[in-house]
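Each chain, letter by letter, is given below.
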Amino acid sequence: MAFPVRLALRHILASKTRNGLTVLAITIAVFLLCFLLAVVKGIDAGVRSASATRLVTQSAVSLFVSLPMSYQPKIDAVDGVVLSSEFRWFGGYYQDPSNFFPQFAVNQNRFLEMYEKDIEIIEGPDGITGPGARAAVQKALNSDRRAAIIGVGLKDEEKYSFKVGDTVPIVPAIYQRADGGSWEFIIVGIFRPLKERIPDKVMYFRSDYLNTSIESGEAIGEIAAGVYYINIDSGDIGDVVASTIDDEFLNGPQRTQTITEAAFASFFVSAIGNLPLFLGTIGGAVLFSIFFSVVNAMLIAGRQRLKESGILQALGFTPLTSTFLLIFEGLMVALIGGALGLSLAVGTEGLVQDLFGANIRNYKIDSNLMLLALATSSALGITAGLSAGIPFLGYRPTEALRSMG
Amino acid sequence: MALPTGYTTRNLVRRRSQVAFTALGIGLTTAVLCGVLSLRNGFEQLFKPLGADQVGIYLRPGSTSEGESGIPRESARIIIKERAEIQRDSEGLPLAAAECFLALYMEKIEGGLVNAPLRGIEAASLKLHPDPPRLLEGSWPNWDADEVVVGRPLVNRMKDCSLGDTLKLNTTPFKVVGVYEFDSAQGSEIWGPVDRMLEALDRPAYSRVIARMVDGVDFEQLNEELTEDPRLNFEISSQSSYLSKQTTGLSTALLYLSAFLTLIMGSAAVIGTMNTMLATVSARNHEIGILLAIGYSRKEIFLSFLLESAQVGLIGGWVGLGLVAPFHGIETGAANFNTFTDISFSFQLSPTIAVTALGLSFLLGVVGGAIPAWVASSRSAVDALRR
Chain R
0 MAFPVRLALR HILASKTRNG LTVLAITIAV FLLCFLLAVV KGIDAGVRSA SATRLVTQSA
60 VSLFVSLPMS YQPKIDAVDG VVLSSEFRWF GGYYQDPSNF FPQFAVNQNR FLEMYEKDIE
120 IIEGPDGITG PGARAAVQKA LNSDRRAAII GVGLKDEEKY SFKVGDTVPI VPAIYQRADG
180 GSWEFIIVGI FRPLKERIPD KVMYFRSDYL NTSIESGEAI GEIAAGVYYI NIDSGDIGDV
240 VASTIDDEFL NGPQRTQTIT EAAFASFFVS AIGNLPLFLG TIGGAVLFSI FFSVVNAMLI
300 AGRQRLKESG ILQALGFTPL TSTFLLIFEG LMVALIGGAL GLSLAVGTEG LVQDLFGANI
360 RNYKIDSNLM LLALATSSAL GITAGLSAGI PFLGYRPTEA LRSMG
Chain C
0 MALPTGYTTR NLVRRRSQVA FTALGIGLTT AVLCGVLSLR NGFEQLFKPL GADQVGIYLR
60 PGSTSEGESG IPRESARIII KERAEIQRDS EGLPLAAAEC FLALYMEKIE GGLVNAPLRG
120 IEAASLKLHP DPPRLLEGSW PNWDADEVVV GRPLVNRMKD CSLGDTLKLN TTPFKVVGVY
180 EFDSAQGSEI WGPVDRMLEA LDRPAYSRVI ARMVDGVDFE QLNEELTEDP RLNFEISSQS
240 SYLSKQTTGL STALLYLSAF LTLIMGSAAV IGTMNTMLAT VSARNHEIGI LLAIGYSRKE
300 IFLSFLLESA QVGLIGGWVG LGLVAPFHGI ETGAANFNTF TDISFSFQLS PTIAVTALGL
360 SFLLGVVGGA IPAWVASSRS AVDALRR
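Going line by line, the protein sequences match chains R and C. Residue numbers for the first sequence follow numbering that gives the first Met the number 0, beginning at 0 and rising by one. Residue numbers for the second sequence follow numbering that gives the first Met the number 0, beginning at 0 and rising by one.
No lab work stands behind these hints: they were computed from the structure. Just so it is clear, the structure is predicted and the values come from calculations on it, not from any experiment. Incorrect hints may have been included.
With a straight-line cut-off of 30 Å between C-alpha atoms, the simulated DSSO-like cross-links for lysine-lysine are [claimed, not checked]: (1) R:K73 / C:K126; (2) C:K298 / R:K15; (3) R:K200 / R:K154; (4) C:K107 / R:K40; (5) C:K126 / C:K158; (6) C:K107 / R:K158; (7) C:K244 / R:K200; (8) R:K154 / R:K363.
Based on the provided sequences and hints, a complete structural model is requested.
This is the structure in structure tokens:
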């Protein structure tokens, strides 16, 4: 006999409370799963967006040890190096330590050349936008040593709301000024990152502003380059270039370690701890606990359907039909819950980005994640239906009819 | 009439597979809450060393952690020699030390780089803490030699950190001569003579001065005195207030995480409980009718079903504790956000956490059972008996 489709649909609505609650549980689980996976993927996105033709030369001792400025010409002279640019961590904050965003001291011209394809200058002085903005910003950067450019996030976020032309005071945590005051930077351009690796709440300013201030005694600190980013001819020669550079400085004054941009980015991820494993474990526990509650709900359904299974068999259906009915019910309930959970995750995507944007970067529910969510909920539903439906195969119609339900 | 409690408990045994599934749902929620809170507890424990109020830390003003601070050598010596608030030992020597701090690239044994904390210390560093570090193996470093001691948790986590190994700092090799244990955030560091380290690392300045204070010092007043001395540019704080600022990042993150997960997993567990209890109620319709007929009040029926659900919750709570208990004491590492260095800490399941978890599981049972119990108690005796 054919599969009783109408009966199957009726079953779903037969116990509205139970199935409604199960749908809700799955909605929550799928939402949480999507959230956790999107966080983990967002972390990875930064690493994956690293350039294949870029290396980072840093101190072999510590992230917090700066390389000397004198290394730059030696690095530039290595075969295969196209361009190197220094990046020095400034580590100050705006008004209050809680208003923290990264600031880097860079050589403005080398930086703009290196990041030509990594950032898009979207606004320059006097309201200039579009293709001409880049040249205008470069000119402005070169005309005032206090000039700086910022990521668009510092313009958009309300507590900063920095605009082109603003003078922004930054309180130093490392490079104290002799007068005990703040450093002042003048915003001359706003950019949008084109790579996930680059945050949008970040400031780049001229390293010679820092260096000349230290030289003249206006500020305290050491004059150094931080780390060097290096563009190379092709990704294939990365290993050779890296070991040539490291050999050059093997005997100091600072030993170097040259790694790919991807390795550099992934270090920052792994240094925080094994976050993917941690979040994965939690996701697994959630899924596991929801799985139990769905199986439980289907077992309850199965127990109530035993008598009905007897009737179906008496009418000439096979016991398998009852099993399939339960699988169908489990699958539908799980899919409805999965779809709702997914919609919730997609619907709150913007909210999560707004609320946690500073801590959870590149949060995005993409199509892979959607597929995974639906596949997981289907698997959940089918397994639950199976575990409740398989016992039916063992009952004879008379036994089933005799059951109390 | 008394509550039919025996009846409730027997019912749990009778429907054991459903009860088990429901309890597991609640148990996993409890386990996750417990796990995250135990991690947070283990982390926070490190930042509450004994007698931290009696120890003062001098940093450069404006720096939020010693990683950012820098102190010229001469002014560190002035502080140690001249300040009256620093306690002296029996020989009249100040219990104060200049230290340097650096996050060092280290390789983990299982592979991968981490930022390990490296500290240059002086002889007084080992004596000034009320609960001082203990030597487990080997010896303390010779103050004129390129020698280091490592914190116990590092031995099993990092390469080149066993007794007799050689650790290369920039271009200078240092020998690992000892393993120490220290119940504080400084328990998983690498320590060596401060001046040897500054030389090897080509660093110009100390990071901080740490000193045992004489009794009854007033840190606010000390700060005023320090600003008046033109030779000195320092800010002093008690070690406890310094440390409390260092924990906030990770600690708050874990607290929020546990709240968020409890909320979400808890709702799912409540739903599971509700399903089970609704099924129980509907299967026992007839019995409810009998209970009503023999004189039990609606309130008693409500309470008996609520009690049953709460029992399921508590069973789940114990299951959850059972799942987490094996992790107690297991050591792990994570970055201390404030200095960006790796710090070793362990899951520390405490009585408070266990009680919190059991309380939560009880609550989940009660919340999940409330509606089904109300459904049960609002049946009319005649309708219930007719089924």
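Status of each hint after checking the structure:
Distance restraint check for K73 (chain R) and K126 (chain C): the Cα-Cα separation of roughly 47 Å exceeds the 30 Å cut-off, and the hinted pair is therefore not satisfied. The straight-line distance between the Cα atoms of K298 (chain C) and K15 (chain R) is roughly 27 Å, inside the 30 Å bound, and the hint therefore holds. A distance of roughly 9 Å separates the Cα atoms of K200 (chain R) and K154 (chain R); the hinted pair therefore holds under the 30 Å criterion. For the suggested pair K107 (chain C) and K40 (chain R), the alpha carbons sit about 24 Å apart, so the restraint of at most 30 Å is met.
In summary, the hint linking K126 (chain C) to K158 (chain C) is supported, as the alpha carbons are separated by about 29 Å, within the 30 Å threshold. Restraint check: the Cα-Cα separation between K107 (chain C) and K158 (chain R) comes to about 40 Å, which exceeds 30 Å; the hinted pair is violated. At roughly 24 Å between alpha-carbon atoms, K244 (chain C) and K200 (chain R) fall within 30 Å of each other, so this suggested pair holds. Distance hint between K154 (chain R) and K363 (chain R) is fulfilled; the C-alpha atoms sit about 22 Å from each other, no more than 30 Å.
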